[in-house]
Amino acid sequence: MAMTPYVRTRMLEQKPPPVTSVGPAGWMRRNLFAGPVNSAMTVVTLGVVALLLSHLLPWVFLSVWNADSLAECRQIIDETWGTEHSGACWAVVRERFLQLVYGFYPWDFLWRPNLTFVLMLVALAPVLFTGLPRRMLVFSVLYPFLGAWLLWGGPVWTPLLALAGFGVAALGWRLGGRVNAILAVALAVLLPLLWWILVMGPLGRGLSALLPLGLEPVESNKFGGFMVSVVIGMSAITLSLPLGILLALGRQTDLFIVRSFSVAFIEFIRGVPLITLLFVASTLLNYFMPPGTNFDLIVRVIIMATLFSAAYIAEVVRGGLAALPKGQYEAADSLGLDYWQAQRLIIMPQALKIAIPGIVSTFIGLFKDTTLVSIIGILDPIGLSNAIRADSAWNGIYWELFAFIGFVFFLFCFSMSRYSMYLERKLNTGHR
Amino acid sequence: MTDTAQSPAMAVSDEVAIDIRSMNKWYGQFHVLRDINLTVYRGERIVICGPSGSGKSTMIRCINALEEHQEGKITVDGTVLSSDLKNIDKVRSEVGMCFQHFNLFPHLTILENCTLAPIWVRKVPRKEAIETAMHYLEKVKIPDQANKYPGQLSGGQQQRVAIARSLCMRPKIMLFDEPTSALDPEMIKEVLDTMIQLAEEGMTMLCVTHEMGFAQAVANRVIFMDQGQIVEQNEPRAFFNNPQSERTKLFLSQILGH
Chain V
1 MAMTPYVRTR MLEQKPPPVT SVGPAGWMRR NLFAGPVNSA MTVVTLGVVA
51 LLLSHLLPWV FLSVWNADSL AECRQIIDET WGTEHSGACW AVVRERFLQL
101 VYGFYPWDFL WRPNLTFVLM LVALAPVLFT GLPRRMLVFS VLYPFLGAWL
151 LWGGPVWTPL LALAGFGVAA LGWRLGGRVN AILAVALAVL LPLLWWILVM
201 GPLGRGLSAL LPLGLEPVES NKFGGFMVSV VIGMSAITLS LPLGILLALG
251 RQTDLFIVRS FSVAFIEFIR GVPLITLLFV ASTLLNYFMP PGTNFDLIVR
301 VIIMATLFSA AYIAEVVRGG LAALPKGQYE AADSLGLDYW QAQRLIIMPQ
351 ALKIAIPGIV STFIGLFKDT TLVSIIGILD PIGLSNAIRA DSAWNGIYWE
401 LFAFIGFVFF LFCFSMSRYS MYLERKLNTG HR
Chain B
433 MTDTAQSPAM AVSDEVAIDI RSMNKWYGQF HVLRDINLTV YRGERIVICG
483 PSGSGKSTMI RCINALEEHQ EGKITVDGTV LSSDLKNIDK VRSEVGMCFQ
533 HFNLFPHLTI LENCTLAPIW VRKVPRKEAI ETAMHYLEKV KIPDQANKYP
583 GQLSGGQQQR VAIARSLCMR PKIMLFDEPT SALDPEMIKE VLDTMIQLAE
633 EGMTMLCVTH EMGFAQAVAN RVIFMDQGQI VEQNEPRAFF NNPQSERTKL
683 FLSQILGH
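Residue numbers (the working numbering), protein chains in the order written: chain V, 1 to 432; chain B, 433 to 690.
Looking at chain V on its own, in the form it has when it is part of the complex:
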């Protein structure tokens, strides 16, 4: 066939797409009714969903909110909707609400966990949303000390002196820096440790004797409910991210000892069930402490949960680091940035962005894993649900408590997930 020469004389204008492919009609056609098999499956699926809802919704909504016991609940249900109807007895949630939220925290001091929770939101805000003034971060840094003091109480001097330990570290860094870098690091680590272990206790007692300012102390065994989940979950989340990043960097470094330690730590922690670590926290850990030190159980659990999730975070971050092209390191190097500058300004912002879904998954997993502490006797919501059933009035109630606990956990975890999607969208600066 002979070729026909052709020259275009006029470029074509853009045309709108056909109506059937856009808008709600187009969407339904593409997604629900594309072909007979697809349409049939849509109809069947809708039928199944309707059947499930027709059983679930009456149970949830034709239910009892006011009653003093499970027996009373059942009686009300029988009288109102007949004996055939099976409805939920939400009355248990209503009656035990405070307990499910605060555990056995003294009723008179409930303002303290409440205030701590509100302040937590204030402290988190500038970390989560970069649009807020950066000065608010000062409060975020101070918040852990303030929050711990509000919850556990005790003299006001304890958090202040604990904070002062960081001042001691800075002082050690300055003094050592005059001689050489190794001494600077050594002093910056050793001096604050000495301060916290040896100086802080006596000095705190002395200051309280002089000026007894403080809050009524509350023991850890009074903590419970969602409060304990949030305390353990949030502390472990905030501590495990920096630790995980350091471990990921440690695993990549050329320094043999640091690398071996990081690998050994990550592999060991990931190879051990969290429950084992929690048992270690609740029983064994005290054997390793100097005699006489009474390390708070919740703090021990926070440490274990932190180490546990840090190992996972480290691997997720390592995945992000591996996804970065080598050219990014080279470009940072060629501009004369040193290792930490390159990490902070170039590598981490990109690696963490890639790792966001994995990091948030780990956090969500960690937050839900806090329910495992019920096994070592901490009264988290699951532990409390057992305690509530032990009361003869509520003996035999399972679904309502678990549904409520599940619902609250879902709210927390779903907001974390939504936030991670928001963050991904915000950090998306186009293809590389």
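These are computed hints drawn from the structure, not numbers from a lab.
Incorrect hints may appear among the rest.
[As the list claims (entries may be wrong)] In silico lysine-lysine, DSSO-like type, Cα no more than 27 angstroms apart, as pairs:
(1) B/518 - V/326
(2) V/326 - B/604
(3) B/555 - V/326
Chain V is fixed; fit chain B onto it per the hints.
Just chain B now, kept in the frame of chain V:
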């Protein structure tokens, strides 16, 4: 293209910018660079060419210590490269580098790409760094893209930004590692024009490239490498019209042949 067309700023001084003495490098057992000796004078524009795997990129990457050499001595602007990190960072801040794949930071805007190193390495006040960055972005003719992200720019524009980013550190020496190899033909010219402009201002440049037109226009020395060695070096006219070694003749016939 005659020598008289070159501007007076392109004159070469007799001050040494880079001095490489009997440098050897191995990757494991593989001897990649063999006894490299090279002296670069301030204001020189050197084009390095050769077949792939000949060690040309590795050689210029040794100059800013992106690659470590095992034997020999490299002196850059009076500083001897050793394993001392301070020396390395000092050399790197004096030597700019452009890569084949630009390596812009995709999470920062064009302007932030350009101001980052001056602010953190040179400790230049932010305002001054922004002024300098805008100055160089104007020079590479993309000031209007300053607030976009690298992913929104074309390849040629990205490479020009990469050049501007290096220039913001006010380097004394610029290294180019195949700056046009990843570009569409339509964009090569805009990058070469920027590099020619830079050469005309007297920048000391080492350029790994296969753009022989560029070599003829601005280089005052062309180096041909093969199997990790410098095989031939000469001023461009003699190099292209009258190559001496058989290997160079073969290489030139292959890249200029079609």
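Q | Earlier hints that do not hold, by number | A | none
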